[in-house]
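Enquirer: Let the hints inform the model, and build the full structure from the sequences given.
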Amino acid sequence: MSSVDTWRKSSYSGPGDGNECVEIATSTTHVAVRDSKAPTRATLTFPAKTFVTFLEVLKAQSPRD
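My numbering numbers the first residue of the sequence shown as 239 and each following residue consecutively.
It should be emphasised that the hints constitute simulated quantities derived from the structure, not laboratory data.
Do not rely on the hints blindly, as some may be mistaken.
Straight-line C-alpha distance at most 25 Å; calculated SDA-like pairs for lysine to any residue [stated by the list, open to error]:
1) K287 x K297
2) K247 x V295
3) K297 x T278
4) K247 x I262
5) K275 x V260
Pair ranges (Cβ atoms, derived) [claimed, not checked]:
6) P301 x T266: 32 to 42 Å
7) T266 x E294: 16 to 26 Å
8) L296 x E258: 10 to 20 Å
9) W245 x F292: 13 to 23 Å
10) P301 x S265: 26 to 36 Å
11) S249 x L282: 18 to 28 Å
12) P301 x T278: 33 to 43 Å
13) T267 x P301: 30 to 40 Å
Glycine included, C-beta positions come from ideal geometry on N, C-alpha and C.
Expert: Structure below.
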């Protein structure tokens, strides 16, 4: 991922905590993640398939409402 133009914040980011979340940017092959409080610092980049698997594991382990 050489260039990322569109960063999106978490849909769970509300008015009270809107500046303290992660942002993601996607391409057809990769997903980039950064801290919204420090957007010029390090960015983690993952292959898209690996990131999808990561999210599936998180969802499976999260408590149900």
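Enquirer: Hints first: check each against the structure and report whether it holds.
Expert: Comparing the hints with the structure gives:
Between K287 and K297 the CA atoms are separated by roughly 16 Å; this keeps the pair inside 25 Å, and the hint holds. In summary, the hint linking K247 to V295 is supported, as the alpha carbons are separated by about 20 Å, within the 25 Å threshold. Between K297 and T278, the direct Cα distance comes to roughly 29 Å. Violation of the 25 Å bound is thereby established for this hinted pair. Proximity of K247 to I262 is assessed by CA-CA distance (about 7 Å); at most 25 Å being required, the pair is judged to hold.
The hinted pair formed by K275 and V260 meets the criterion: a straight-line CA distance of about 8 Å does not exceed 25 Å. The beta-carbon spacing between P301 and T266, approximately 33 Å, falls within the hinted interval of 32 to 42 Å. For the pair T266 and E294, the beta carbons lie near 19 Å from each other, so the given range of 16 to 26 Å is met. Between L296 and E258 the beta carbons are some 18 Å apart, a value that agrees with the proposed interval 10 to 20 Å.
Taken as a hint, the range 13 to 23 Å holds for the pair W245 and F292, whose Cβ atoms sit roughly 18 Å apart. A beta carbon spacing of about 32 Å between P301 and S265 agrees with the range 26 to 36 Å that was offered as a hint. Between S249 and L282 the beta carbons are some 20 Å apart, a value that agrees with the proposed interval 18 to 28 Å. For the pair P301 and T278, the beta carbons lie near 34 Å from each other, so the given range of 33 to 43 Å is met.
Between T267 and P301 the CB atoms are about 32 Å apart, so this pair conforms to the stated range of 30 to 40 Å.
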